[in-house]
Amino acid sequence: MRAPSSELPIVFDGVTVTAGPVTILDRIALTLASGAPTVLIGPNGSGKSTLLRVAMGLLAPSRGRITWGGLENVPPLRRAIVFQRPAMLRRSAAANVRFALRAAGIPRAEHARRTGELLELVGLGHLADRAARRLSGGEQQRLALARAIARDPAALFLDEPTASLDPTATKAVEDIIRAVSERNIKVVMATHDLGEARRLAGDIVMLHRGRIVETAAAASFFEMPQTAEARTFLAGELLV
Amino acid sequence: MPNDATALQLVLSGDPALFAIVRLSLYVSLSAVVLAALIGIPLGALVALTKFPGRQGVIVLLNALMGLPPVVVGLAVYLALSRSGPLGAFGLLFTPGAMIIAQTVLVTPIIAALTRQTIEDLWIEYRDELTAMNLGPLGRVTALIWDARFSLVTALLAGFGRAAAEVGAIIIVGGNIEGFTRTMTTAIALETSKGDLPLAVGLGLVLIAIVIAVNALAWTARRAGERLAG
Numbered sequence: 001m002r003a004p005s006s007e008l009p010i011v012f013d014g015v016t017v018t019a020g021p022v023t024i025l026d027r028i029a030l031t032l033a034s035g036a037p038t039v040l041i042g043p044n045g046s047g048k049s050t051l052l053r054v055a056m057g058l059l060a061p062s063r064g065r066i067t068w069g070g071l072e073n074v075p076p077l078r079r080a081i082v083f084q085r086p087a088m089l090r091r092s093a094a095a096n097v098r099f100a101l102r103a104a105g106i107p108r109a110e111h112a113r114r115t116g117e118l119l120e121l122v123g124l125g126h127l128a129d130r131a132a133r134r135l136s137g138g139e140q141q142r143l144a145l146a147r148a149i150a151r152d153p154a155a156l157f158l159d160e161p162t163a164s165l166d167p168t169a170t171k172a173v174e175d176i177i178r179a180v181s182e183r184n185i186k187v188v189m190a191t192h193d194l195g196e197a198r199r200l201a202g203d204i205v206m207l208h209r210g211r212i213v214e215t216a217a218a219a220s221f222f223e224m225p226q227t228a229e230a231r232t233f234l235a236g237e238l239l240v
Numbered sequence: 241m242p243n244d245a246t247a248l249q250l251v252l253s254g255d256p257a258l259f260a261i262v263r264l265s266l267y268v269s270l271s272a273v274v275l276a277a278l279i280g281i282p283l284g285a286l287v288a289l290t291k292f293p294g295r296q297g298v299i300v301l302l303n304a305l306m307g308l309p310p311v312v313v314g315l316a317v318y319l320a321l322s323r324s325g326p327l328g329a330f331g332l333l334f335t336p337g338a339m340i341i342a343q344t345v346l347v348t349p350i351i352a353a354l355t356r357q358t359i360e361d362l363w364i365e366y367r368d369e370l371t372a373m374n375l376g377p378l379g380r381v382t383a384l385i386w387d388a389r390f391s392l393v394t395a396l397l398a399g400f401g402r403a404a405a406e407v408g409a410i411i412i413v414g415g416n417i418e419g420f421t422r423t424m425t426t427a428i429a430l431e432t433s434k435g436d437l438p439l440a441v442g443l444g445l446v447l448i449a450i451v452i453a454v455n456a457l458a459w460t461a462r463r464a465g466e467r468l469a470g
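These protein sequence lines map, in sequence, to chains A and B. Residue 240 in my numbering sits at position 240 of the first sequence, with consecutive numbering throughout. Residue 305 in my numbering sits at position 65 of the second sequence, with consecutive numbering throughout.
I should point out that these hints are in silico values taken from the structure, not numbers from a laboratory. You may find that some hints are simply not true.
Below, a sample of chain B positions facing chain A; criterion: calculated Cβ distance under 7 Å [claimed, not checked]: (1) Asp255; (2) Tyr366; (3) Glu369; (4) Met373; (5) Gly415; (6) Glu418.
With beta-carbon atoms standing in for the labels, derived distance ranges [as the list claims (entries may be wrong)]: (7) Arg463(B) <-> Leu194(A): 41 to 51 Å; (8) Arg389(B) <-> His126(A): 23 to 33 Å; (9) Arg85(A) <-> Thr290(B): 21 to 31 Å; (10) His126(A) <-> Ala464(B): 16 to 26 Å; (11) Ala329(B) <-> Arg85(A): 53 to 63 Å; (12) Arg183(A) <-> Ala464(B): 51 to 61 Å; (13) Arg463(B) <-> Gly35(A): 42 to 52 Å; (14) Pro21(A) <-> Lys291(B): 23 to 33 Å.
Here are some chain B residues the structure puts well away from chain A; computed CB gaps all over 10 Å [said to hold, decoys possible]: (15) Ala260; (16) Leu301; (17) Phe334; (18) Asp361; (19) Leu375; (20) Ala383; (21) Leu397; (22) Thr432; (23) Ile450; (24) Thr460; (25) Leu468; (26) Ala469.
Even for Gly, the Cβ is constructed at its ideal location relative to N, Cα and C.
Using the sequences plus the hints, can you model the full thing?
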């Protein structure tokens, strides 16, 4: 593992994202620093995925600015993202990882060893030669994690990585997320599964209608939510 | 009525004249497909991945050119290669080279248009991943073409089908010279008009068999590849 880079902290300074007349993110002020995973929660359409895309650098703010380690316009060399439905390249599982290593500029001589390590890390060593698109949903999600980790990221963004997975597959993915976090990689994850947020989060950022309604350490958030929206959401009532 | 037994006998006897015609046909059509692929695949990928003014017009034009009338292409290439034409100095008219050029012109839009559609569809699927990997334009194009390779085989087959079945363009620029520019399709046209139906039918059978064999081979390769790569 390389040392944590200057990618962190990631600072949102009044970030607004609009699409035509619709405001998707509204004046977001947030600092993502190294440490335990930050989990974004909130109902569908609250802006979680958009916030991750902005943090990754895939989407530019309409207003406001975002900085990585104090700099703007930093190419995503040490950031990685796993999408909710990751696209599998039409190649074997191992070739998918090799592709990510090549894209990250890792020397070819290291590809075989690193590919083996990464596939073992996500529990897919025995499926290295299987066509990636023929893997199950959980296996594809783990392969996407391996591809993301191949970039040796300082920050890893996960967009609902266990949505639509069964409990066994969910546990496998969550175990990998813990292992990644222990490697000093900053994990920022969106979920609307409160159980998952309790299991993984160091910090919680709750979004509603594109705005941050509450930011807190996970323990205090779940014990003493400060806002009506958070209380409603934690009570399992519909937050509209 | 053609004598089918005679036609089959002609094929099975390995008649040298017949096989020279078959060889030339394959040489011309496969060369044209290779050249058209070298032009059409990058061109299709470029149109698929680039935004520029008039892009929609280019797409419509590429699609329309798939239906280029062979005789018109033959005439245009004839004019270009004729002694007074811009490429007359090369002395290519009534040579296999002229036939390859004509078929390349016919096949390139087919491969380019089908590549454009294939790559564009795949780009929609891969865009987020490849962008997140910070891949440059060349890396993106290479990855997309490689991952679309099984679909692109279909584009190449469509091009080969067009080239192998075509007669209008090559008869104009090749001249149907016996032992030099006579292909299966031009020979079939000639022998039919002369009334030598056994040879025409024999060549027809060989042509159909080749097209089926090439398609079967490509299909088998595609299925095997898909099993391995998904």
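Status of the hints after comparison with the structure:
1. Evaluation of the Asp255(B) hint against chain A yields a violated restraint, the C-beta minimum of about 45 Å exceeding 7 Å.
2. Given the 7 Å rule on beta carbons, the hint for Tyr366(B) holds: about 5 Å separates it from the nearest Cβ of chain A.
3. A cut of 7 Å between beta carbons decides the hint on Glu369(B): the least distance to chain A is about 5 Å, and the hint holds.
4. Look at Met373(B): its Cβ gets to within about 4 Å of chain A, closer than 7 Å, so that hint holds up.
5. Annotation: interface hint on Gly415(B) violated; nearest CB of chain A at approximately 45 Å, more than 7 Å.
6. Because the smallest distance between the Cβ of Glu418(B) and any Cβ of chain A comes to about 47 Å, over 7 Å, the interface hint for this residue is violated.
7. Between Arg463(B) and Leu194(A), the C-beta spacing of about 46 Å keeps the proposed range 41 to 51 Å intact.
8. In this structure the supplied range 23 to 33 Å holds for Arg389(B) paired with His126(A), their Cβ-Cβ distance being about 27 Å.
9. At about 26 Å, the beta-carbon gap between Arg85(A) and Thr290(B) stays in the expected band of 21 to 31 Å.
10. Range check, His126(A) to Ala464(B): Cβ separation about 23 Å, and the 16 to 26 Å hint holds.
11. Checked against the hint of 53 to 63 Å, the pair Ala329(B) and Arg85(A) passes, with Cβ atoms roughly 58 Å apart.
12. Separated by about 39 Å at the C-beta atoms, Arg183(A) and Ala464(B) break the suggested range of 51 to 61 Å.
13. Roughly 50 Å separates the CB atoms of Arg463(B) and Gly35(A), a value that falls within the hinted 42 to 52 Å.
14. Judged by the Cβ atoms, the range 23 to 33 Å given for Pro21(A) and Lys291(B) holds: they are separated by roughly 24 Å.
15. Distance to chain A confirms Ala260(B) as a non-interface residue, since its nearest Cβ pair spans about 41 Å, more than 10 Å.
16. Every beta carbon of chain A lies more than 10 Å from that of Leu301(B), the smallest distance being close to 30 Å; the non-interface claim holds.
17. The beta carbon of Phe334(B) sits about 45 Å from the closest Cβ of chain A, which is more than 10 Å, so the claim that it is off the interface holds.
18. Under the 10 Å C-beta cut-off, the non-interface status given to Asp361(B) relative to chain A holds; the minimum distance is some 12 Å.
19. The non-interface label for Leu375(B) is inconsistent with chain A: the shortest C-beta to C-beta separation is roughly 5 Å, within 10 Å.
20. A Cβ of chain A approaches the Cβ of Ala383(B) within 10 Å, the least distance being about 7 Å, so the stated non-interface status is violated.
21. Listed as outside the interface, Leu397(B) is consistent with that label: its C-beta sits roughly 19 Å from the nearest C-beta of chain A, beyond the 10 Å cut-off.
22. Listed as a non-interface residue, Thr432(B) keeps its Cβ farther than 10 Å from every Cβ of chain A; the least gap is roughly 45 Å.
23. At the 10 Å boundary, the C-beta of Ile450(B) stays outside the reach of chain A, the nearest C-beta of that chain being 29 Å off.
24. The claim that Thr460(B) lies off the interface holds: its Cβ sits roughly 17 Å from the closest Cβ of chain A, which is beyond the 10 Å cut-off.
25. Non-interface call for Leu468(B) relative to chain A: violated, since the shortest CB-CB distance, roughly 6 Å, does not exceed 10 Å.
26. Not every Cβ of chain A is farther than 10 Å from the Cβ of Ala469(B); the closest lies at roughly 5 Å, contradicting the non-interface assignment.
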